[in-house]
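J.: All chains, please: the whole structure from these sequences, using the hints.
If you want the building blocks of each chain, they are given just below.
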Amino acid sequence: MLYSRKSLHTPFSIIDKMYHLDFTLLFSILLLGVISIFAQFSSSGGNFDYYSKSHALRFGVFFILFLVVSFTQISFWHSSSFLLFFFLLLLLLYVKFYGIQSQGSRRWVNLFLINLQPSELMKIGIILFLSKYYHQISAGDVNKVKYLLYPVIAILAPFILVVSQPDLGTAILILLSGVVVTWLAGVRWKIFAYLSLLAIVTAPIVISFLKPYQKSRILTFLNPDSDPLGAGYQIIQSKIAIGSGGLFGKGFLNGSQAYLNFLPEKHTDFIFTLFAEEFGFLGSVAMVFLYFLITYRIIKIGNETRSIFGKLYCYGFANAFFIYVAVNMSMVLGLLPIVGAPLPILSYGGSSMLAIMFGLGIVMSCSVYKNSAVG
Amino acid sequence: MLSFNSSNIASKTRTIGRRMFLLNSIKALVLVGIFGRLATLQINEATKYRTLADKNRFRETKFAPPRGVIKDYYGVEIASNTRIYQLHVTPENTPDMDKLLFRLKNLINISTRKIASIKKKIKKKKKWETTIISDNLTWSEFSKLNLFLHELEGAVPVVSIARIYKNNASAHAIGYVSEISPRDIRNKKYLKNIDIAGIAVGKTGLESTLDEEMLGSPGFLRYEVNAFGKKIKQVSVDKGSKGETFRTTLDNEVQTFAAKLLQNVSGAACVMDIYSGDIISMVSSPSFNPNSFIHGIEQKEWNGLLNDRDKPMINKAISGLYPPGSTIKTLTALSALENDVVSPKLIVECKGYIDLHGERFNCWKKKGHGVVGMRTALKKSCDVYFYEVARRLGIDRLAATAEKFGLGQKVLQNYNEEKAGVVPNTKWKIKEIGKNWYLGETLHSGIGQGYFLTTPLQLSLMTAQIANGGFKIKPRILIDKNDQVSNLQKYLAHKNSTPGNVMSTKDRIFNFGLKPLFRNQENINLVKEAMFAATNEVGGTSYRSRYKDKKYMFAGKTGSSQIKRFTEEQREAEVKQENITYLERDHAWFIAFAPVSDPKYAISVLVEHGGSGSKAAAPLASKIIKKVLERHENRISYRNQSNENV
Chain A
0 MLYSRKSLHT PFSIIDKMYH LDFTLLFSIL LLGVISIFAQ FSSSGGNFDY YSKSHALRFG
60 VFFILFLVVS FTQISFWHSS SFLLFFFLLL LLLYVKFYGI QSQGSRRWVN LFLINLQPSE
120 LMKIGIILFL SKYYHQISAG DVNKVKYLLY PVIAILAPFI LVVSQPDLGT AILILLSGVV
180 VTWLAGVRWK IFAYLSLLAI VTAPIVISFL KPYQKSRILT FLNPDSDPLG AGYQIIQSKI
240 AIGSGGLFGK GFLNGSQAYL NFLPEKHTDF IFTLFAEEFG FLGSVAMVFL YFLITYRIIK
300 IGNETRSIFG KLYCYGFANA FFIYVAVNMS MVLGLLPIVG APLPILSYGG SSMLAIMFGL
360 GIVMSCSVYK NSAVG
Chain B
0 MLSFNSSNIA SKTRTIGRRM FLLNSIKALV LVGIFGRLAT LQINEATKYR TLADKNRFRE
60 TKFAPPRGVI KDYYGVEIAS NTRIYQLHVT PENTPDMDKL LFRLKNLINI STRKIASIKK
120 KIKKKKKWET TIISDNLTWS EFSKLNLFLH ELEGAVPVVS IARIYKNNAS AHAIGYVSEI
180 SPRDIRNKKY LKNIDIAGIA VGKTGLESTL DEEMLGSPGF LRYEVNAFGK KIKQVSVDKG
240 SKGETFRTTL DNEVQTFAAK LLQNVSGAAC VMDIYSGDII SMVSSPSFNP NSFIHGIEQK
300 EWNGLLNDRD KPMINKAISG LYPPGSTIKT LTALSALEND VVSPKLIVEC KGYIDLHGER
360 FNCWKKKGHG VVGMRTALKK SCDVYFYEVA RRLGIDRLAA TAEKFGLGQK VLQNYNEEKA
420 GVVPNTKWKI KEIGKNWYLG ETLHSGIGQG YFLTTPLQLS LMTAQIANGG FKIKPRILID
480 KNDQVSNLQK YLAHKNSTPG NVMSTKDRIF NFGLKPLFRN QENINLVKEA MFAATNEVGG
540 TSYRSRYKDK KYMFAGKTGS SQIKRFTEEQ REAEVKQENI TYLERDHAWF IAFAPVSDPK
600 YAISVLVEHG GSGSKAAAPL ASKIIKKVLE RHENRISYRN QSNENV
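Respectively, the protein sequence lines represent chains A and B.
Here the first sequence is numbered in numbering that gives the first Met the number 0, starting from 0 and rising by one per residue.
Here the second sequence is numbered in numbering that gives the first Met the number 0, starting from 0 and rising by one per residue.
If you are wondering where the hints come from, they were derived from the structure by calculation, not from laboratory data.
Bear in mind the structure is a predicted one, so any value in this text is a computation, not a measurement.
A hint or two may mislead.
[Said to hold, decoys possible] Here are the simulated lysine to any residue pairs, SDA-like style, with alpha carbons at most 20 angstroms apart:
(1) B:Lys229 x A:Asn253
(2) B:Lys471 x B:Phe509
(3) B:Lys365 x B:Val347
(4) A:Lys189 x B:Thr14
(5) A:Lys189 x B:Arg18
(6) A:Lys299 x B:Gly16
(7) B:Lys229 x A:Ser43
(8) B:Lys47 x A:Lys143
(9) A:Lys143 x B:Ser10
(10) A:Lys369 x B:Gly16
(11) B:Lys47 x A:Leu246
(12) B:Lys47 x A:Leu281
(13) B:Lys124 x B:Ile198
(14) A:Lys143 x B:Thr14
(15) B:Lys549 x B:Lys626
(16) B:Lys430 x B:Ala419
(17) B:Lys61 x B:Glu178
(18) B:Lys54 x A:Lys189
(19) A:Lys299 x B:Ala9
(20) B:Lys232 x B:Phe219
(21) B:Lys622 x B:Asn633
(22) A:Lys299 x B:Ser24
(23) B:Lys364 x B:Arg543
(24) B:Lys403 x B:Asn522
(25) A:Lys369 x B:Ala9
(26) A:Lys299 x B:Thr14
(27) B:Lys238 x B:Ile195
(28) B:Lys47 x A:Asn253
(29) B:Lys230 x A:Ser43
(30) A:Lys299 x B:Arg18
(31) B:Lys232 x A:Ser43
[What the hints assert, rightly or not] Computed beta-carbon distance windows for the label pairs:
(32) B:Leu21 x A:Leu155: 22 to 28 angstroms
(33) B:Lys188 x A:Gly45: 43 to 49 angstroms
(34) B:Leu106 x A:Leu112: 52 to 58 angstroms
(35) A:Val33 x B:Pro94: 39 to 45 angstroms
(36) A:Gly45 x B:Asp95: 29 to 35 angstroms
(37) A:Ile199 x B:Glu59: 50 to 56 angstroms
(38) B:Gly32 x A:Val33: 23 to 29 angstroms
C-beta atoms are modelled at their ideal positions from N, C-alpha and C, and glycine is treated no differently.
T.: Laid out in structure tokens, this is it:
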């Protein structure tokens, strides 16, 4: 009873809050951050000024943001979920018309200090929105058509906006993040089956709207050797880099594939390739393990948090985080087409880092306020 | 409300937990998949990918090792290598290319046109690729450049190695090298693997046929390069192996002498050892400067060579085809004797012409030679006599003898440009011309006109095989350490070591396995005797070029191959060859062997449009014979010293 009463009141002294921090997660994130700075240092050929400096700066700033979010009451994030989602949706709409264009796609909004990519933040936004939505409705309503309509619209709206930027990779990640939360909330298998069927039927229409480079990426994935100097180049060079790393790797700053520029996009999507080349199989396994540990800790917080919002959010985020990692690694290992999905924290990119650190912050907030009631 | 709420929460939590468990199982599977893939790439296939990464990483720049040298018989380098001074530029190291080129133009000798072509070349290449500005700087230019190097940012003086030829005398025999062309790569398989930009390859002569051996195996510099091909650092060097060196049978001194002798005429001269078949000398005139090609010949010089009336680029000794003229009379006589068609005592009256089936066949001497026998006919080169011999002999038997003595086929295997010539017979005419043979053509062939085409080298071989007593020899220009001493040389060595021991011809052939070209050696001796008379007896065609000194005394036969038959008016007016258009004058031939007492060398000299053999060719041949015989002792002692062929 004492416990339950205590739980109904928001805590506590700063010491109590600190006590509820998940330090394993915290230090895992810090470790990953430090590794990422070294990886960026290597990606610039051993030059700190190029990518690693701004990467380090961002990690520093966003780590502070992470702590601030962690110590902000979970009920605040719960109550501002819808608002945040709609704000991000508006930003996506804004980007659609006024966004900054680069390399044929319109993804960024100019915030003077940084160019923000709202689609990255939407990956978190959709989880927050759906977690709150399913927190609110009763278990019996989950499979009613009326209650299904909102999640479908909430997922499809950002998905379509992001696809049209065009940014297939991020759009798929938003879609998957949303679908996973919906499914966790208890939506029946059958409904997913129907929707998938619908998706398959409409797929040819969607494909006809794909840009030629997106089509070629899918074709290239199916047979990378068909065009070794064109679209297949990235996959081939990435496999060469990873494979040539061997068991122990070529050593820090000694990755010839990366250092001699054979590796494309080595500071963003292919950062894991660079790492795998320099640190070999053992390093790669350790890196995968670190990501696995982070995922595991997020799930553990989800297990311990008492609110449905918190559980759905933590599980949803853990799954999304795992998907980001799995998609990125499968991509560079030649198991999936090159879709343009960054590796959380390790890849260079402000918006991605902001989204991940913000998302992790809310997870940590769930840990700190795990006994607090929401809504 | 609270109970509803708590049951609601509990049911939701159960669903979420159950479904999360399923998702976690999938995660575990994905994780296993990623680990598996990592293990495959980084452990199972690591070697394969390491090889691929190295292939990405390294670029090799091949470079040519020093080209093999060609020496003469005495080891004198006819085609050797020399240090050259080059100037290279690399655009990425040059802040201002135009300024640099302008500055260079004032320092070294480069034309404005060359500058323009260099600029074009640089534009086509990547900015880190080196371009050769000048391939062959003089030492003074080179040292001047080094002095001003601080003002010439991006220019690098380089010392390299290139071909150099001692003189023009052997330009045809040796050939020349020049920058590799797409055609070379297409035609020569071994060049495909060598792949060195701008490497000098053999174009003609021995340089061309021995190219592969003389190139050696290329060395390489291995660089680490980035994805854009830019060199990052040098990793290793392989010096390659030097090309093979070749020794020829040529005597550079005789070559130089003969070339100088022939410098004012268009023609060729060949000297052959009559026992070993060694080609002592083979020159063609006019010659060209083979050094001009090494660094790229100037267009003007090239056009000059191509348009020259006397065709300096053609090796007339093996590629020049000329009717043998009266020199063939030696074989006509021999063939008739061997075939028992005529007796050596055959006598014919020469009235200056004979008429056959309404066609008139003239003798070169309008007044006629009167009554002549075979010896006199050869000595004075009476056409009418040989018309009669040929008429009785028939073309096919003459052709068989001519072929036996090496006419109508390639003599050496060492030259791509060598021509076979023509020994006509009845079958040949039907096949090549599609017409039947006429008797009149037999008469023309009997004095070496008509369809007959020979090279100077073929005639020197013919002469050598008459001079050595009628034995087959295999001519050679290259000395191969594995070459067997010829049977004829073994016999010769035996004869020299046991003077006075005279062996019968039959025994000689049997004991030494010689290959006789005769049925009765007396016939050969008769021809040799007649050739002696032609040079050393009053009234002989080459009497004026004779040596009285036994040491140099030679026996020879003149010849002239008709370009354009004289009209009856010209014949009546006794027009001299010197007075007609150069290009209509006869080619002049002289073949000989020396010394008469113990023949050692055979020679053939051709002077294009020289008029008559006795006036144009014989005096030149005479001088060369003397030179060769003067060098004979030298050659023998060198041969014994180097222990070669004995």
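J.: Looking back at the hints listed earlier, which ones does the structure fail to meet?
T.: Hints 8, 18 are the ones this structure does not satisfy, whereas the remaining hints hold.
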